[in-house]
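Protein chains in written order, with my numbering: chain A, 1 to 115; chain Z, 1001 to 1114.
In short, the hints are calculated from the structure, not lab data.
Cβ atoms here follow ideal geometry from the backbone N, Cα and C, with glycine treated the same way.
Please note that the accuracy of each hint is not assured.
[What the hints assert, rightly or not] Derived list of chain A stretches under chain Z, where covered just means 3 residues or more per stretch with a C-beta under 8 Å from a C-beta of chain Z:
id : region
1  : 39-51
2  : 106-113
[What the hints assert, rightly or not] Restricting the straight-line Cα-Cα distance to at most 20 Å, the calculated cross-link-like pairs of lysine-lysine (PhoX-like) are:
id : chain 1 : residue 1 : chain 2 : residue 2
3  : A       : Lys52     : A       : Lys40
4  : A       : Lys41     : Z       : Lys1068
5  : A       : Lys19     : A       : Lys67
6  : Z       : Lys1052   : Z       : Lys1068
7  : A       : Lys40     : Z       : Lys1068
8  : A       : Lys44     : Z       : Lys1106
9  : A       : Lys52     : A       : Lys9
10 : A       : Lys36     : A       : Lys67
11 : A       : Lys36     : Z       : Lys1106
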Amino acid sequence: DTAVSQTPKYLVTQMGNDKSIKCEQNLGHDTMYWYKQDSKKFLKIMFSYNNKELIINETVPNRFSPKSPDKAHLNLHINSLELGDSAVYFCASRDTSGGPQETQYFGPGTRLLVL
Amino acid sequence: GNSVTQMEGPVTLSEEAFLTINCTYTATGYPSLFWYVQYPGEGLQLLLKATKADDKGSNKGFEATYRKETTSFHLEKGSVQVSDSAVYFCALENSGGGADGLTFGKGTHLIIQP
Chain A
1 DTAVSQTPKY
11 LVTQMGNDKS
21 IKCEQNLGHD
31 TMYWYKQDSK
41 KFLKIMFSYN
51 NKELIINETV
61 PNRFSPKSPD
71 KAHLNLHINS
81 LELGDSAVYF
91 CASRDTSGGP
101 QETQYFGPGT
111 RLLVL
Chain Z
1001 GNSVTQMEGP
1011 VTLSEEAFLT
1021 INCTYTATGY
1031 PSLFWYVQYP
1041 GEGLQLLLKA
1051 TKADDKGSNK
1061 GFEATYRKET
1071 TSFHLEKGSV
1081 QVSDSAVYFC
1091 ALENSGGGAD
1101 GLTFGKGTHL
1111 IIQP
């Protein structure tokens, strides 16, 4: 069973379009995250949600809007896509009630290419 | 704020060579420290971690020791294989429980030649 899954795996789209990436975890974790990995492989957190509530919102354009319909899902919607949004987006989850012994589990990534 | 600095590659070694990838960090309190590995075209896999000073994380022949005095978490392996070729990320997590997410270094691309 896949612990953290993302769909789609690949996404190719035109500038100006609106797209969504879905993330689901079946681990019963209370916190989910979105990270962006740019073309130089640099990874940076975008958002963190704990029990469906926004905890962290790093300096991300407001064209990016995360939505958490329940604890097991954290979707990422992107409006008016730009060339610079091309990247790999990783979803992750963690049980934050478990203390430092717990770790984050990452999804396989969604490779977004904006043309 | 938090930051992680690691040697940038690519690092090219011959098979069976000794590997060290340096990682230093800046953080308040007592963060947890991690090494993640990313194989070509794949996602992130946790390689090892340490949650307090002097802890040693180990997995698949890789080791790293949490050194608070030098704020370091260097990754080592005694004899690398071609299959170890990948990008390695050092990361930290605040001691506050993980809701803040991970702060990553820029990654080190490791290439092992037969």
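> What hints, given by number in increasing order, does this structure fail?
Replying inline: 3, 4, 7, 9
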